[in-house]
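Visitor: Put together the whole structure using the sequences plus the hints.
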Amino acid sequence: MSETILEMRHITKDFSGVKALDDVNLIVKKGEIHALCGENGAGKSTLMNVLSGVYPYGSYSGDIVYKGETCQFHDIKESEHKKIVIIHQELALIPRLTIAENIFIGNENTVMGNVIDWDLTQRKAMEVLKIIGLEHENVNQFVGDLGVGKQQLIEIAKAIAKDVELLILDEPTSALNDEESNILLELLLDLKKQGITSIMISHKLNEVSRVADNITVIRDGHTIETIERNNNEEIDENRIIKGMVGREITNLYPQRNAKVGDVVFEVKDWNVCDPEDAGKKIIKNVSFKVRKGEVVGFAGLMGAGRTELAMSLFGRAYGSNISGHIYKNGKEISIPDVQTAIDQKIAYVPEDRKTYGLVLINDIKWNMTLASLNDRFSDRQVINQDKEIHQAEDYRSRINIKASSVNQKVESLSGGNQQKVVLAKWMLSEPDVLILDEPTRGIDVGAKYEIYTIINSLAEAGKAVIVISSEMPELLGISDRAYVINEGEIAGEISGDNMGQEQIMKIIMDHSAKRGSLQ
Amino acid sequence: MSNAAANVSNEKQMKEHIQQLKQYGMIIALVLIYAIFAFLTDFKNAAPMNVNNLIMQNSYVVILALGMLLCCLTGNVDLSVGSVVAFCGAIAAIMVIDYHIAIPITFIVVLFIGVIIGMWQGFFISVLGVSPFIASLANMLIFRGLAMVALNGQTKGPLPADFTIVGAGYLPQIFVNIGGMKIEMLALTAGVLLSIVIIMMEIRSRQNKKKQGFALPALPMTIFKLVVIIGIVNFFSIKLAMYMGLPMVLLIMLALILIYAFVTTRTVPGRQIYAVGGNRKAAALSGIKTDRVMFWIYTNMGLLAALAGIVLSARNASATPKAGDMFEMDAIAACYIGGTAVAGGSGTVTGAIVGAFIMGVLNNGMSLLGWSVDVQRVVKGMVLLVAVAADLYFKKKKSA
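Protein chains in written order, with the numbering used here: chain Y, 333 to 851; chain F, 519 to 918.
Below, computed lysine to any residue pairings styled on SDA-like, alpha-carbon distance capped at 20 angstroms:
#1 LYS536/Y - ASP510/Y
#2 LYS621/Y - ASP812/Y
#3 LYS807/F - THR672/Y
#4 LYS807/F - ASP669/Y
#5 LYS741/Y - LYS799/F
By construction, these hints were calculated from the structure, which means they are not laboratory data.
Guide: If you want it as structure tokens, here you go:
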């Protein structure tokens with residue numbers, strides 16, 4: 333355990349004058365799991381890209397010493413040759429190729445030069461699948477038919493097929509649910525026993541403190557410290573947070589002083605069917621209500637139907653064969669399309685900001701006003717550009733979006749700041765009811781805190797807020813009350829002292845069991 | 519820390535400068551290409567008559583490029599426009615020559631037919647979800663065929679003077695003799711007036727920016743820009759004044775350019791087009807009816823194709839079934855040379871117009887040099903390739 337496998341010394345990398353890494357040092361020991369923590373934009377991914385040769389030798393300064401020899405990688409092939417494999421956050425799999433084809437892509441088993449030996453490929457693929465615990469999968473099925481969790485494992489299988497010795501994982505669990513994350517983390521521990529060294533970049537401190545032997549914290553392109561685990565003792569998560577954000581966050585969830593009022597938004601007997609299959613019910617007889625100034629959580633496992641419920645309510649943006657009643661301030665309303673939802677002062681902040689929330693190639697002000705152009709920023713279809721700039725500027729400073737101006741393109745912002753732009757976009761539509769779908773996914777601790785503060789100020793301003801979150805501590809921390817959703821139904825409701833992770837899990841289990849016995 | 523911040527803002531400024539230069543880069547490239555051909559043709563391409571031809575020959579490409587820009591902004595193209603130009607030109611000629619229908623009524627009917635054709639295309643694209651490439655490819659074949667059938671494969675002409683004025687006529691002319699040269703005063707005055715308007719607008723824009731507290735663009739840069747633009751405007755107006763004055767199509771073209779520039783930059787529908795092209799899902803979740811946007815974009819293209827059909831047959835004083843061949847390619851090329859993103863979501867009217875004129879100057883210059891059509895195609899293809907490749911190269915460099 334004490335032998336050093338990798339040492340990165342005084343790594344400095346700048347992008348046209350801006351230092352992304354400034355004299356960063358990293359020491360990784362053979363056979364350990366080394367976690368790399370830091371906020372978004374701290375330089376973790378940059379450091380790993382330097383290591384794997386994505387940024388070629390010469391574009392940075394400093395030394396990479398791997399197994400006692402100084403390396404100069406000019407591209408990924410060279411680092412892979414040394415059995416260093418990087419798995420990026422975005423999966424690099426080809427959905428319409430089979431598992432076996434994907435595992436050996438770029439690393440084919442060939443005979444006579446370039447002819448692929450399919451028998452060997454399949455046999456070897458099966459061996460690799462056994463190592464990662466997927467021996468029951470058919471190596472000839474399409475990767476696209478697997479769930480995200482298994483796809484992530486296939487990425488690891490690809491690395492194993494390359495005889496990996498140093499595995500780098502960039503946010504490997506960001507798209508996975510708890511169960512899938514669990515499997516992945518167990519696999520990492522398993523690989524460790526087989527002598528594979530891993531470097532894991534992660535935001536999720538519970539995962540880091542569970543599997544990591546050593547943790548290096550990076551902030552603003554500098555190494556802050558390396559925390560060692562001694563004799564299996566607990567790692568102090570607060571110490572990591574402090575290192576990441578540079579200050580102590582005493583309370584993860586800020587206090588709220590909102591006055592809860594009358595029921596603003598109520599849904600009764602809401603039913604939604606699959607858009608592709610009008611006979612398949614996705615949401616069944618859902619009824620709930622939200623009060624003025626209240627933050628209501630929608631808890632549940634991934635795939636429970638929470639996003640589908642929210643989107644079907646938001647102008648039928650999802651589903652077919654929709655039935656049920658929506659009441660706003662006690663009066664029944666109908667919302668046939670998204671524009672009507674906006675007119676009825678309902679807002680939906682989608683879970684995947686890049687796909688559903690933002691037009692990345694356009695600037696901040698442009699994105700912020702997109703949902704309220706008709707109502708607030710135009711006169712007879714002509715846009716009032718001055719008003720647009722002023723209001724956008726106002727919101728930028730109000731919710732602290734870090735950007736040079738509202739003319740900056742959204743694609744160049746960090747995840748947390750992008751999320752704030754989407755929030756501002758829907759705050760600008762002046763809604764009474766806000767549905768926030770996974771509002772803190774993929775953003776760092778500091779930005780999360782700021783998002784919670786925004787949610788609080790919205791509730792304090794008398795808005796009804798619905799929060800969908802798969803992170804249970806977060807959901808419990810920010811909601812006044814929560815509905816537990818399971819398999820498209822409301823399985824239960826928790827509030828007050830009754831709010832805890834165990835209660836949520838118990839409600840889900842009971843509900844699933846009851847459904848199972850009914851069928 | 520503050521040092522790093524200063525670095526960031528410095529880089530930001532650099533980026534903005536590069537961005538601005540890119541906008542002017544195309545105009546500079548246009549002037550440069552024109553200058554090269556002036557040199558090669560012994561300044562034949564700067565002769566008053568040729569400048570006049572340059573505008574008249576280019577008018578249809580400009581008109582089509584305006585509509586095509588909207589398609590390209592959504593990440594699509596319309597391949598049918600050349601055929602629709604021929605078909606609408608044919609209908610116009612048949613109505614006027616065979617049925618003696620009054621010319622204003624003919625124009626209205628033909629424009630209306632263009633709208634119907636656009637709606638037909640829009641129906642398949644937005645209601646049935648046929649990809650625009652396929653739908654317009656099919657319509658390219660359909661309307662070329664229909665144009666052949668309507669005209670029996672023959673050229674129909676000549677069209678009366680009241681018709682041809684749209685494509686080959688001039689605005690009222692006031693000739694004055696200055697130093698033994700006949701000068702048309704209306705064109706000259708228009709050039710001067712336009713220059714004044716441009717300067718006033720720039721001053722107003724700067725004042726407005728100052729009032730709002732925004733950073734002003736560097737003064738030398740602005741002056742340089744104004745000199746170039748006013749130079750181009752007056753070059754054209756003086757040359758036109760030395761020939762026959764202001765062509766009718768120039769008026770049509772300018773009016774359309776102003777309308778489309780305004781719609782794309784300042785109105786809600788314009789925004790919606792960019793949003794649909796930039797991220798269709800996000801646009802839909804922002805309350806934009808994306809299918810409806812697509813429908814109107816293709817309807818609009820049909821209208822402009824009909825207009826181009828009228829202008830083309832007016833200029834030729836006849837309609838032929840082969841008219842408008844490859845026009846769609848010229849219009850698409852104009853948009854992409856003008857910096858429109860192939861994936862959609864970004865591009866400007868100015869860019870498309872400059873792109874159209876780059877194509878036009880190339881066409882015109884090579885014709886003056888007597889180069890064959892085959893060689894001309896090779897050169898135009900190369901220019902398109904180089905322009906788009908250069909654009910991508912600089913983008914890559916910027917993001918690295």
